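Sequential numbering from 23 applies to the sequence shown in the numbering used here.
Source of the hints: derived by calculation from the structure; they are not laboratory data. What you are looking at is a predicted structure, and each value in this text was computed from that prediction instead of being measured. The reader is advised that the hints may include incorrect statements.
What the hints assert, rightly or not - Once the Cα atoms are required to be at most 30 Å apart in a straight line, the calculated DSSO-like pairs of lysine-lysine come out as:
(1) Lys74 with Lys136
(2) Lys173 with Lys28
(3) Lys171 with Lys256
(4) Lys299 with Lys256
(5) Lys205 with Lys74
(6) Lys402 with Lys438
(7) Lys385 with Lys422
(8) Lys256 with Lys234
(9) Lys211 with Lys74
(10) Lys147 with Lys28
(11) Lys42 with Lys211
(12) Lys256 with Lys136
(13) Lys74 with Lys438
(14) Lys147 with Lys42
(15) Lys205 with Lys42
(16) Lys250 with Lys211
To be verified - For each label pair, taking beta carbons as the anchor points, the in silico distance ranges come out as:
(17) Gly64 with Ser243: 55 to 63 Å
(18) Pro68 with Asp333: 27 to 35 Å
(19) Gly38 with Gly245: 30 to 38 Å
Beta carbons: idealized from backbone N, C-alpha and C, even for Gly.
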Amino acid sequence: MPKVTKEDALLYHSRGRHGKVEVIPTKPYGTQFDLSLAYTPGVAYPCLEIEKNPDDAYIYTAKGNLVAVISNGTAVLGLGDIGTLAGKPVMEGKGLLFKVFADVDVFDIEVNEKDPEKLIEVCAKIAPTFGGINLEDIKAPECFEVETKLKAMLDIPVFHDDQHGTAIISGAGLLNSLDITGKKINEIKIVVCGAGAAAISCSRLYTSLGVKRENIVMVDSKGVVNTKRKDLNKYKLEFVTDRNIDTLAEAVKGADLFLGLSVANMLSKEMLATMAKNPVVFAMANPNPEISYEDAMSTRDDLIFATGRSDYPNQINNVLGFPFIFRGALDVRASTINEEMKLAASRALANLAREPVPASVLKAYNIDKLTFGKEYIIPKPLDPRLISTVAPAVAEAAIKTGVAKYPIKDWDAYRKSLDRRTGEHIKKIGEMIL
């Protein structure tokens, strides 16, 4: 893949119709009769039906396939607090990915409000428009409060992707790494480098998968999150350790997994050398990981290594998750995205990576062979099977846990309908890559 330059990126976003998304009518509008149905007087009839039964909004409006991507611009990618307007290209990009990968429509909404209570109020007031809300690029710890309170207030899915997307995708990678190395999840020792939204969420999900909380050591910019610290917020206190260690170098000794959600060059070759046999390193700082692929692979030959980058094996990419998670949640009109739905997504992704890779995926990435192993622990983003694998798993978990208002009865028909939604989009992307 050619290197992305500033000039290329600015031209991409500015040429032709500015930005990356547009709104397209879905009904005829070529005659006066069409317009009378679309607006006055015909529109009054669906309005009155919805007044009688609010759930009819899912029949007569776009609500059921519409997600709000909402941000206050306080933690945009690796750029930090750059503000709502500067973060808008990211939110538009998220909308593009939702549409291309899962045929989910998006309005991106940038809210100029840093006070979490006021942000919650804004989100709650506009919620009737949408079938779901994807919170994006809101800094920790405020993001935890915003998501938790909105989930309690609303009867539609609310999902902070910076937290849960990374957790779900890396969770799949963890399950498959353990399968390859033969280690047991309840015995492994984990070091988490970083203590922000993604780090907390990953640690929580890993415990749901079977990791023992006492086997997790978290390290922030001031050192190990341990009982000696007096500066910890309630979220970090969930993962405080009583081990008598203070530095990252001490923490990684004998560790089975290094989970990096921090900044570049945190893990040295010397530190990596002290990890347990057959270690797993998820170095996900972007654009430069906590240790480079070259340094890591030259240090250990028994290593499983993943990053957030597309130019190395095992990319932990959130696009493997959020489009299909929302697709499944929307299709059963789920009132929330709960822990069981997230775990179902992780396990579905892990299982898909163990299946034979179709020729279309090999062609899209211009490779001859791809098989489950150290350099292929999670599916590729252009795998056309993702939508019909992850979305049904999420939908089924929603039904089993009682949060689905519209259960699916014919699963074969549902999977076929999912394949029809995005087949041409994915094919087009593959052709453009080649």
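Comparing the hints with the structure gives:
With a C-alpha separation of about 37 Å, the suggested pairing of Lys74 with Lys136 is violated against the 30 Å cut-off. The hinted pair formed by Lys173 and Lys28 fails the criterion: a straight-line CA distance of about 38 Å is larger than 30 Å. A distance of roughly 16 Å separates the Cα atoms of Lys171 and Lys256; the hinted pair therefore holds under the 30 Å criterion. About 34 Å separates the Cα atoms of Lys299 and Lys256, which puts this hinted pair outside 30 Å; it is violated.
Distance restraint check for Lys205 and Lys74: the Cα-Cα separation of roughly 57 Å exceeds the 30 Å cut-off, and the hinted pair is therefore not satisfied. A C-alpha spacing of about 21 Å is found between Lys402 and Lys438, which places the hinted pair at or below 30 Å, so the restraint holds. Between Lys385 and Lys422, the direct Cα distance comes to roughly 37 Å. Violation of the 30 Å bound is thereby established for this hinted pair. Of the pairs offered as hints, the one joining Lys256 and Lys234 holds, with about 19 Å between alpha carbons and a cut-off of 30 Å not exceeded.
Among the hinted pairs, Lys211 with Lys74 is inconsistent with the structure: their alpha-carbon atoms are about 56 Å apart, more than 30 Å. Under the criterion of a C-alpha separation no larger than 30 Å, the hint pairing Lys147 with Lys28 is inconsistent with the structure, at around 38 Å. Distance hint between Lys42 and Lys211 is unfulfilled; the C-alpha atoms sit about 43 Å from each other, more than 30 Å. The hinted pair formed by Lys256 and Lys136 meets the criterion: a straight-line CA distance of about 20 Å does not exceed 30 Å.
For a cut-off of 30 Å, the pair hint linking Lys74 to Lys438 is broken: about 34 Å separates their Cα positions. Taking the CA atoms of Lys147 and Lys42, the gap is about 26 Å. The hint holds against a cut of 30 Å. Proposed proximity of Lys205 and Lys42 is contradicted: the alpha carbons are some 44 Å apart, above 30 Å. For the proposed pair Lys250 and Lys211, the alpha carbon gap of about 21 Å is at most 30 Å, so the pair holds.
Between Gly64 and Ser243 the CB atoms are about 59 Å apart, so this pair conforms to the stated range of 55 to 63 Å. Against the hinted window of 27 to 35 Å, the Cβ-Cβ separation of Pro68 and Asp333 comes to about 49 Å, which falls outside the hint. For Gly38 paired with Gly245, a C-beta distance near 50 Å fails the hint of 30 to 38 Å.
Hints 1, 2, 4, 5, 7, 9, 10, 11, 13, 15, 18 and 19, counting from the list given before, are not met by this structure.
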